[in-house]
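Colleague: Sequence:
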Amino acid sequence: MEELGKLVNLQSILSFIEERHLSSNHKDSDRFLAEFTMFMAKQCGNLTMEAKFSLISDYLPKVSPAVLEEAALCLTGEGHQQNCSDLPTEVYCESKSNVDAMEGYVEDMAMVGLESMQRANSTLEDFCRFYFIFHEMDVKKPESVFQYLPMLSFTESYIYQLDSYNEQILHLSTTAGTTDTPKPERNHMMRDHFIKVIKTEPFGPLVSVLEDHGLMTER
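The sequence shown begins at 32 in the working numbering and counts up by one.
Among the hints, erroneous ones may be present.
FRET-style restraints, in silico, Cβ to Cβ [as the list claims (entries may be wrong)]: (1) A82 to D157: 50 to 60 Å; (2) L246 to V98: 28 to 38 Å; (3) D89 to S46: 23 to 33 Å.
Here are the computed lysine-lysine pairs in the BS3-like style, where the Cα-Cα straight-line distance is at most 27 Å [claimed, not checked]: (4) K58 to K83; (5) K93 to K73; (6) K73 to K58; (7) K83 to K73; (8) K93 to K83.
Just so you know, the hints here were simulated from the structure itself, not pulled from any lab data.
Even for Gly, the Cβ is constructed at its ideal location relative to N, Cα and C.
Using the sequences and the hints, build the whole thing.
Modeller: What follows is the structure, encoded as structure tokens:
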């Protein structure tokens with residue numbers, strides 16, 4: 032769930048970069064730029080955006096590829112590499128006021144909720160009942176089943192969660208103008224946020240997860 036939240040944020044920044052014509056037209060480069068943008072937007076003590084920008088501007092000319100390679104060894108250790116997409120990130124919006132207005136609401140909403148996971152149970156039951164037969168898995172070796180079970184649970188739960196989001200978007204659209212709706216402006220912002228990130232490319236975050244784990248195929 033936490034990983035999905037990171038990928039939703041990443042997808043939002045990728046759209047942000049493209050809309051402002053900052054894209055490099057290269058998938059990996061754009062992903063790096065998105066990660067860097069989120070890193071820069073992340074709160075760090077009392078540093079302002081201007082201070083961070085000035086700091087980076089002074090720092091980059093002093094850094095070479097060799098220095099970065101040496102720094103990478105300090106982070107990952109021998110024989111291990113960490114993908115930048117695994118690092119914690121936070122969503123970046125056009126202004127801090129937008130972040131403040133949305134922050135509390137976003138934290139209260141899980142990207143994949145318990146209800147969606149419960150609705151996915153029937154698929155998981157079928158998986159445990161039949162999948163090991165079709166793929167010649169040994170039922171006496173549970174590790175062969177659990178090798179794929181977490182990702183299947185995540186995928187099915189994500190799909191059911193999309194249904195819930197669509198219902199929430201519809202609900203927010205119909206109640207945003209009513210006088211008895213609490214915090215209508217925040218509801219409007221959340222509706223627009225989910226429409227942009229979820230409805231415009233609903234499976235983008237899921238595809239990224241599957242690709243990162245080498246499970247995305249042409250089928």
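Colleague: Please go over all the hints and tell whether each is borne out by the structure.
Modeller: Here's how the hints hold up against the structure:
| no. | hint | in the structure |
| --- | --- | --- |
| 1 | A82 to D157: 50 to 60 Å | holds, 55 Å |
| 2 | L246 to V98: 28 to 38 Å | holds, 35 Å |
| 3 | D89 to S46: 23 to 33 Å | holds, 30 Å |
| 4 | K58 to K83 | holds, 26 Å |
| 5 | K93 to K73 | holds, 23 Å |
| 6 | K73 to K58 | holds, 23 Å |
| 7 | K83 to K73 | holds, 10 Å |
| 8 | K93 to K83 | holds, 16 Å |
In terms of the numbered hints stated before, the structure departs from none.
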